[in-house]
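Participant: Sequence:
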Amino acid sequence: MFNVIVNCHARRVRKLVAAMEKKFRARGIGYRIFYTERTGDAGKYARSLSESGGKDFIVVGGDGTLNEVVSGLADPSSCTLGLVPAGTGNDFAASVHIPHGIRALDLILGKEARPVDYIECGTRRSINIVGTGIDVEILRRCATMRHGTNKGKYFRSLVATLLHYRGTKLIVTTGGETKEYFALIAAVCSGKQFGGGIPICPVAKPDDGQLELVVVESPPRWKILPELIRLMRGKLLKRPITHHVSCSEAVISSPDGKIFVQYDGEIEEADALNAHLVSGKLRMYRG
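Residues in the sequence shown are numbered consecutively from 40, following the working numbering.
Check before you lean on any hint, since a few could be wrong.
Calculated cross-link-like contacts (lysine to aspartate or glutamate; reagent style EDC-like; alpha-carbon spacing at most 16 Å) [stated by the list, open to error]:
#1 274 to 288
#2 94 to 114
#3 61 to 114
Beta-carbon label-pair distances, calculated as ranges [unchecked claim]:
#4 187 to 236: 45 to 53 Å
#5 319 to 210: 28 to 36 Å
#6 284 to 185: 21 to 29 Å
#7 67 to 185: 18 to 26 Å
Since the hints were derived computationally from the structure, they do not count as laboratory data.
The beta-carbon is built from N, C-alpha and C at its ideal position, and this holds for glycine as well.
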């Protein structure tokens, strides 16, 4: 029995779900569909269903919906997870080679679920990337905009942030070593990309049993845009302002107090970002 959790605000979702139901019925596969109404519903469904014995889940939505479900599972090690990408960015789907549309369901029904890593962050989990810095400021600005498409809002937020962002003081601890940075961005990665296709860590592998810590020092203001262009081209890891290390855990905090953290694009204020790897526990249908 598949528990299908659907972001009802995702693109063309009703048509996609109808096609999925047709395929389920044709193959005699049991399923239940749960539509979200607001942010947080996907996590609540995942929690209640897994606590009552549900083990097989399919997410129809984007990275945010996937994050909620992974965070909500009572015991990820007892569950299998499928993803039918229907969000704006679908970054994690790209990292694990999950196709869009009904072909994603064909993958789920035609393959065995395999282990995938995720990041434990206190009461939150992330399956793709967690971090802080300029990306969080862009997302915070974007969330306040009421008009325009998602991509249009993101672009306008990017421009506004570039005009005002100066960097942030961060304390980063990993492997028993603590360093201070004035950073443009700091991220702990299991997946390769975020922000709808920005390859912050192309070498990351979501099933290799390690995390990738990426800290980019803030350059002079007039160099921020060129460095962001290198980021969007996947070339930032080679820059002298970038510090990259493989790890199993990392702590990121600010000497100035709380920080805003993005968990797969979902923003929350925290005392610190405490991230550690959980490997081989959650099984996922993927390419």
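Participant: Now, for every hint given, state plainly whether the structure supports it.
Facilitator: Here is how each hint holds up against the structure:
| no. | hint | verdict |
| --- | --- | --- |
| 1 | 274 to 288 | 24 Å, violated |
| 2 | 94 to 114 | 9 Å, holds |
| 3 | 61 to 114 | 30 Å, violated |
| 4 | 187 to 236: 45 to 53 Å | 19 Å, violated |
| 5 | 319 to 210: 28 to 36 Å | 30 Å, holds |
| 6 | 284 to 185: 21 to 29 Å | 40 Å, violated |
| 7 | 67 to 185: 18 to 26 Å | 45 Å, violated |
Taken one by one, the earlier hints fail for this structure at numbers 1, 3, 4, 6 and 7, listed in ascending order.
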